[in-house]
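Peer 1: In the order they appear, the protein sequences are chains A and B. Every letter in the first sequence is one number past the one before it in the working numbering, and letter 160, counting from 1, is 160. Every letter in the second sequence is one number past the one before it in the working numbering, and letter 261, counting from 1, is 261.
Everything labelled a hint here was simulated from the structure, so no lab data went into it. Note that the coordinates shown come from a computational prediction; the quantities given were computed from them, not determined experimentally. Be careful, since some hints might not be right.
Stated by the list, open to error - Computed cross-link-like contacts, SDA-like style, restricted to lysine to any residue with a CA-CA straight-line distance of at most 25 Å:
1) B/Lys131 with A/Ile78
2) A/Lys30 with B/Gly226
3) A/Lys293 with B/Ile145
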Amino acid sequence: MTIFLQATVEGLSLAAIYSLVAIGFVLIYKSMDVLSFAQPALAVVGAGIISSLAVDRGLPFIPALLLAIILTGVLSLIIERTFLRPMVGEPVFSVAVLTIGIDILLRTFLDSWIGINPRYLGDPFPTYGTLGSVNVGGINLKYLEIAALVTAIVLITVLSIFFKRSKYGVAMRATSFDQEAALAQGINVGRIFGLVWFIAGILAAFSGFFMTGGFNTLSQFSFVKALRALPAVVIGGLDSIPGAVVGSIIIGLTQGYVAYYQFQLEGIVGISLGNGFSLLAPYLIMFVILIFKPDGLFGTEEVERV
Amino acid sequence: MRGRPNLYTDYSKESAIFSNNTQKVWFVIVIISAIVFSFFASDYWLLLLTTAFLIAVASWGLNIVSGFAGQINLAHGFFVGIGTYTSAIIGGIATSSVIGYELDMIIWLPLSGIAASIVGLMIAPITVRLKGLNLGLVTLALVFIGSHLFSNFKTVTGGAGLGRKVAKLKLLGVDLESGIQIGTYFLDKNEILYLICLALCIFTGLGVKNLIRTRAGRAYSAIRDGDIAAEAIGINIFRYKSSAFALSSFFGGISGAMFFTVSGGVEPGTFNLLYSIIFVAIVVIGGAGTVLGPLFGAFFYTLFPAFILVAIKALEISEQSLPLNLGQIERILFGLFIILFLIFEPRGLWGIWFRLRNYFKAWPFSY
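Just chain A, same shape as in the assembly (with noise of 0.2 Å):
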């Protein structure tokens, strides 16, 4: 019971990081109908950011964080007018390849700072307790893990409430709903896609944090960790919001479970799954819900017209 509850705690907090990169991936899908494949490698800027600001600039830690947070916005936002701008209209499989391309530059950039030794980020998380964590009933919860849930909660809250009541929240809604009526009712569309893409880029700052921060540490493979946000917001469908939250959490879940069960998954199974099982089964469910599900457990079916 104790290895099934921290399986759950670990997963939930995987769980958290995913919906924060996933939520981004959505917002962007929806207003846009651009899949960013940059998101990843944003939130790894973002954790770059902060570690070059905290512990090679001497700065504190938390004004870092914010500075981070917001540059990672801003670099965001001028990635959607320089890059994306000339593309609004273009086929979505070109839009999804300048993503990438995108994404090598981040990534290749980032990866020559980072360098071969992992990096710190600063933050006073491994301070805490005995090594950053404390033990709840036997069971074992990082401060880290906490913070991220508490973060990813507080965050999903404050961004329904601005999507639901702020002028700019239900701009956004009318925009992802019809773009040309939008313009009709003197929406500012332009203004929202940028809007969009700082909201996208905080959120992947915040979710690179939690992913690299404390003895998790930044190397040239955070990357990856990023990248499963993916299958998240797919098995919850590209333009659903709380499809992306409930694909989260099943990723999260999963690769907790998995991580931690995965020798007596071997004796059901009766092979040998493998090193590092627990990261590709994000991708195998994902493989299985889109057979059934083609648009995602959430998503609004495409209508199409012949």
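Keeping the supplied structure of chain A fixed, place chain B upon it in accordance with the hints.
Peer 2: Showing chain B alone in chain A's frame:
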């Protein structure tokens, strides 16, 4: 019809592989100069062009499924990997850790393509059901599943980080590894590989050119332009979509088998996401849905690092003084080219070539 090369009096002439004499002449000139090149060039350039030919073969494969049939495939590298390991099993040398049967190239080359296309067909029930971005994402999952399998089947691949030797170069019982003597001329290993890959490239190119004018080729374009409409006029979507995947994987498999035979060894980590993305980028940079495009793209991809090197040498910059190493500069420029081509020239290098050709066709009359 002399003097009026653009006048076609019947359909078979217009849809011929070479629709006019100019094309025929240029084709022959290019092939002859490519063959002659092999006798003069240094090993470095030979190897570079050999790689370019093989990448072109793989890109043509991807172009069939993505360019002609319009199905997004981000897992082409996975199929290339299947081909590579098939050839490594059949043609490779067995060691204490990996299996291999040391068979002839005449056996492993086709089989590596066939194995890849069988895998392509196996996933067809899934890929046919999906389209657009969802298909792209499923193939993305395939990349990760593939690299997991590759790094865990240690008896086949040697395991992550270690890798294995690939197939031996033995064609019809002749060992090509040490070169062969033809009359008074001695062909060494690199020249032989160059010529084999050149032949492979020519056959694939002609094959693709031929494919687009067959029934299947027309069906592919119809599916790309509107799959529901295509189904309505009686095209069997399942058959053609899955055959496009199978064909594309076939080319990928063959190219992978040869590619790693040229480079000597293969490590499972090679077939990561970036490896698959490179093929997509080559097709996009070259010009998707054209016959010449992937060839241009492949040459661009293999040759531009060499030109960067030449440029750095010419400008007399020492490699140490650069803020990034060469591989990183290559990757950054590659990423930039993807972005710039998509924004400014969506038809890719082929589009540039097309406009240049049309400009000089009527030169100096620009109207």
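Peer 1: Taking the hints in turn, state whether each one holds.
Peer 2: To see whether the hints hold, each was checked on the structure:
{"no.": "1", "hint": "B/Lys131 with A/Ile78", "in the structure": "violated, 31 Å"}
{"no.": "2", "hint": "A/Lys30 with B/Gly226", "in the structure": "holds, 23 Å"}
{"no.": "3", "hint": "A/Lys293 with B/Ile145", "in the structure": "holds, 20 Å"}
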